[in-house]
Amino acid sequence: METSAILILAIPLLMFLFLGLAGKYLTHKWAGILGTMGMGITMCLAYTVAFEYFFSGNQFFIDEAGNRLQHVVFNHDWLNFYDKLSIRIGFLLDPISAMMLVVITTISFMVHLYSNGYMRDHHGVWETGFQRFYAFLSLFSFSMLGLVVATNIFQMYIFWELVGASSYLLIGFYYTKHSAVSASKKAFIVTRFADLGFLIGILVLSFYVGFYGEGNITDAFTFTSLTSVPVDGIADTYHVSEGTAQMIRGLFENSAAPMFMGASVLTWALVLIFMGGMGKSAMMPLHIWLPDAMEGPTPVSALIHAATMVVAGVYLVARLFPLYLMQPTALDIITVVGAVTALYAAMVACTQIDIKRVLAFSTISQIAFMMVSLGVTRIDHSTALGHEVHEGLGYMASMFHLFTHAMFKALLFLGAGALIHAIGSNDYTAMHGLRKYMPVTHLTFLIGCLAIAGIIPFAGFFSKDEILTACFGHSTVWAIWMAAVAGLTAFYMFRLYFLIFWWKEHKVHEGHHAPHDQPWTMTLPLVILAAISIVAGFVPFGSLVTWNGHPITGDGFLTNLENLNWGVASLSLIIAIIGILVAMVMYKKENAIPERMHNALPNLWRWCHHRFYWDELYQFITHRIIFGLVCRPIAWFDRHIIDGTMDAFAAVTNKASFAIRGFQSGNVHMYVWIYLIGAVLLAAVTMICVL
Amino acid sequence: MLFDNILIYFVLIPLVMLGGVALSRNIKQIRAVAVIGSTALIALSVYLIYQWLNPTPEAAELAAAHDGMYHYASWKWFSAQGLNINLTVGVDGVSIAMLLLSSIILFTGSFASWTIAQPKAFFLWLILLSTGVFGFFITIDLFTMFMFYEVALIPMYLLIGVWGSGNKNYSAMKLTLMLMGGSAFLMLGLIGIYYHSSADGQYTWNLLEIANNNAISTGWQYFLFPMTFVGFGVLGAMFPFHTWSPDGHASAPTAVSMLHAGVLMKLGGYGCFRVAMYLMPQAANDLAWIFLILTGISVVYGAFSACVQTDLKYINAYSSVSHCGLVLFAILMINTTAMTGAIMQMLSHGLMTALFFALIGMIYGRTHTRDITKMGGLMKIMPYLAVCYVIAGMASLGLPGLSGFVAEMTIFVGSFQQGMADYLAGGGSLRLVFTIIACCSIVITAVYILRVVGKLLFGPVQDKHHLELTDATWWERLSTATLIVCVAAIGCFPNFFENLIRGTFDPEIFRAIAMNF
Amino acid sequence: MESLGSIITYVVIALAIIVFSILAVTTRKILRAATYLLFALFATAAVYFKLDYEFLGGVQIAVYAGGIVVLVVFAILLTTHPGSNSERLASRSRRLGLLAGLAALAVGAYSLITRCELLASAPAMSNPDMDTIGTALLGSGHNQYLLPFEAVSVLLLACIIGGVVVARKR
Amino acid sequence: MEINALYYLIPSLIMFACGVYGFITRRNMIAMLISLELMLNSVDMNFVVFNRFLFPGQMEGMFFTLFAIAIAAAETALAIAIIVNVYRANNDIDVRDICKMKF
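Chains as they are written, first to last, in this note's numbering: chain A, 2 to 692; chain B, 882 to 1398; chain C, 21 to 190; chain D, 5 to 107.
Okay, chain A solo, but in the shape it has when bound:
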């Protein structure tokens, strides 16, 4: 087990170093094969580990009562601050990390495979920097795997930063393009800003825990000491416990300063940590980097900006979830942020032209679903439309949606990549009516759209249904809000689908090839992911991934179907179908309805199309305020006031010496005179004073 765990992290890292250092001595083909094989091995290992975790029944992983446990596979000191604070690098295996291992390695492998075909043009000429691309992919996979298996919050922060950096490198892969460079810069800086909040949150949390914690708090960074209790008699194994979280809350409440600006310090800490999550998961108002990040190669968007990195924020909240449960205020904040973001992103997605932008906003909206789902989770019993809601359902739903979303969103992105590869443009205006030319892409894309729209039996239906149930269990207002967003989701996805594959016949320009389906390296991932998107909904998540390891449903193949809250399910199905129908009416055949809609609500359309001018606002803040009113004045102040003062000292000295140098005229007689006068005066003074 430990060997596999180490290899899961080591193979991508070594692959990065090897491809990065020796890549240019390899042929493109071999670099691609090596990278893909490395990732394939990692994927197999991850599958083994996850399978062992979920199904082996080993006492490290599951106790007699059927509760899933947290197991620390290894944990090495990396940096000791002092006795209660040290950063360790380790490998924590629990339901969510095992699930994430599967997600990341699967998507990553698909993307590795897919890129072999995608990163070439139609004549089979490789992109320049192909080896570099694979090196970066490996680096990203390494960082993301390190992030999800983190045993402590600082390890998570470390890999969090690495993930950000590899995202920067991948977005800026086409470094000669201005837009790619500035998009990568924007992504890095926005997430960096969010990480500042994350860091301060970590510092606050760890300080209180380390300062006031006694006894079993041996390390204030470690997740297991923040949220779990050790299982008696089994080394390195822990059980998630509400008691520990309550104890931590107690530490804060009994401290010398439990409140800060009207909220408890623990809330502050958790909200600041969530801020880090907001940055990575592109929640409003830190979402602006994600649409621009689509400047990167499309496989990168599929891997990083749809399936893995952007859910890191959700994963972070889930990781510390017992603590969040202790502070409903923090959860409410998460809910509000998530709900607003979901609606916003869905509205914007309805008006975008660039297909990757549509998918990007769709991603933002879907991640917001996960956030809301976490935010509405409480452990008290509640009902939704007359049915009882399982305790901690929202958490499970969020993770479930994370899993399914990763699969179908990666599918959609890779499908979009295939389209872009075939057409050479990101705009749907250049596509239209492609269904006959690219049948495989068409079919897989349709499956993706159905999944995201939430049509039974595709994956998205089940997870979204669980989310809505959790929302109903918490608050009807949010539930209806989220249901409306789900309807919008169906609408904009099918708008996209119809505009790409229907609308009107595709015009093939003279001298160009007709668009066609792609080589097998690209098709295979599409087909696999489509298959997963169809069946993933039947994974019995309720028995595998829950917030405290206690299963809430059975583990049969049809469990999800049996446990369906049909009230909510029918509501969400109806809404989704309405959304699809509206999209069909408007976009299936070329017609004037969209134009009329657009003219009927010009302002709304304009605002949505311009993403509610968030970019302009940020542009204003950064360029006018930060650069214009802070940086430039400071630089001016430094050059003119501070430096000016120093120069003024020098100038005064200089002037003074120029002024007195006239005495040194070089005229010997003058010297004599001065000397004589001085001597006589001195003699006179001596005589007068002494005598």
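Derived by calculation from the structure, the hints in this document are not laboratory data. A portion of the hints provided could be inaccurate.
Derived DMTMM-like pairs (lysine to aspartate or glutamate); straight-line CA-CA distance at most 25 Å [as the list claims (entries may be wrong)]:
{"no.": "1", "chain 1": "A", "residue 1": "K85", "chain 2": "A", "residue 2": "E243"}
{"no.": "2", "chain 1": "C", "residue 1": "K49", "chain 2": "D", "residue 2": "D101"}
{"no.": "3", "chain 1": "C", "residue 1": "K49", "chain 2": "D", "residue 2": "E6"}
{"no.": "4", "chain 1": "B", "residue 1": "K1049", "chain 2": "A", "residue 2": "D648"}
{"no.": "5", "chain 1": "B", "residue 1": "K1261", "chain 2": "A", "residue 2": "D122"}
{"no.": "6", "chain 1": "A", "residue 1": "K178", "chain 2": "B", "residue 2": "D1192"}
Note that the structure is predicted; figures quoted are calculated from it, not measured.
Put chains B, C and D on the given structure of chain A with help from the hints.
Positioned in the frame of chain A, the structure of chains B, C and D alone reads:
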């Protein structure tokens, strides 16, 4: 015996190198002397670390008798008219780290000035400068410390004035005068310390004895602490005495920039800690707030200034102001973790800024401009240098796995602990507030680093002539690769270095101050 | 009471000193000025003889009169165009010079007058013999002058070298 | 008539005043040098006189004069070397022409 002590060789080797360079007849011999000498110095410092990790019982006993100073030895030099000047040497983890840093930078600096004009004179001055640096780090006697300090400063004037570029006379003069101004404060402070070093009239320059006598009255500490702190702080680029740094670095030749930003600026931080804080802990504690404000300003101020510069060296100089501000800031926290972080930051900043200056020098040597608006797309033209630049940038903005992250996180964790502890104990929230302000620098750093990387390395090629430029030569590759390996080594195995350093900040040292962590 | 011969000698010497000094600074021919200087130096040597410092008088004649004046004369011959007189002094500058000279005179005279009680007559003293002088000059004990002697010798050497270096043709 | 120290000091003083006058009024460097010698000589004489009248039997004043003479010789030699050099450069030894050594 003088030559029994290993530390003396840190001064002797550079002196032998001076002789060797003076006798050299062509550039090959000069290079050979520089490379062999600096390799020997690296070997010596590595051996020192080895000895520090596995001390013989006698060595450990000797160290235990001298406040943890290894290889302690003292030779009388001049003793008359009430002046007890000794050459006293001794090293602890911090000095060893600094010695290692200096020897690495000297080694890489020699490669970076492979093709300098008038190599003989250049290397003579450069090695003289490093003699001063090494001497400063091995001595624990105020007088000899000051002497070596001056030896390290003066050659800078000639090195910049003769081999510099741009407005070099102005810059050299400014740098020298401002640093000399700092020295004036420093000398006053040191003499003041000497005359209060002992209660019974047996004055001493020896740091350990002064600390043990603990005879400087609080009133005098209030006077002498600012003197010494500002004196060293000028070299540590403390706001508002930092303005020599942008001009000086901009004009200095590559190796000098490397050595100056990489090592000499560390003399400031090291001196602040070793002299000002160590000898006058009471004043350090009471007056820390003034300097915390100043250094806290340095941190963000330097970073903000760097955001709008267009000259590569100015950007890096302001970035140094920011990073070195963080060093002094952390030292003033008077907390083991933060101070460990400060020394880590010195190591880290020394290596990565040397790397930066080396790369800037190499780029400038090819494009003949340092204006980022006139360059672009260098990644395509000189991929090796560009990749190194990106790595240096990543280290600077604190990417995990490289040294900057480790140092900054140690500082932030330590400062935050101290700040919160102060706050909870009712000691005011100044430390806390400034810690959070300092944390903001990680964002601003990202802004200016990415701005440079984006403009300089990425994007389309700006100037057609640049397309004909070549990538790095083997000596440039060796120089940068060494630095990158060191940066990554610190970043990947921080515990080794932190353990080396942490022992020095035993709370025992700061008897007068209640240390929380 | 001095002997008459002594008084006469004194008067002659004093007059020589005063007259030749004044002439040396007032004559317009530079060579003459050097000659008058020579005479003033001789007169000074006479004073030394009269005050029983015969060795010193000898040195004065040998070094000053014999060495320095000869040097000066050579310099004059090297640097002066034959027959040229120095220009006539402007009355302003002469007046200023006079003023300065008189000021020096006044200050000196005032201090002399106010210290009249110091000015005793010459006590009896034997002329220091060469043994004494030699021992004092080359001994290193108390009141002996080896170190300044050596210093002066080094200085003279430096002067010789300096003179050669400065004056030689490039 | 008692010839006391004053009798020797007054000629010496006059000699000194003459030196001062000459040094100020003369433009020719050699003439200035001559004036300088006069002043120096007068001072030498004073040493000897004070020695003889106030501290008979001791030799400090005499030795002082002795060394002063030696140093004067050295100084003169050097001064003349400089003058000759200046003459070579300027073809003149007027002191007003060598004011380039200022600043």
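Hint by hint, here is what the structure shows:
With a CA separation close to 22 Å, the supplied pair K85 of chain A and E243 of chain A stays within the 25 Å bound. A C-alpha spacing of about 20 Å is found between K49 of chain C and D101 of chain D, which places the hinted pair at or below 25 Å, so the restraint holds. The straight-line distance between the Cα atoms of K49 of chain C and E6 of chain D is roughly 39 Å, outside the 25 Å bound, and the hint therefore fails. Straight-line distance between C-alpha atoms of K1049 of chain B and D648 of chain A comes to about 15 Å, which keeps the hinted pair within the 25 Å bound.
A hinted pair counts as satisfied when its Cα atoms are at most 25 Å apart, and K1261 of chain B with D122 of chain A qualifies at roughly 20 Å. For a cut-off of 25 Å, the pair hint linking K178 of chain A to D1192 of chain B stands: about 23 Å separates their Cα positions.
Hint check: a violation occurs at hint 3 only; the rest are consistent with the structure.
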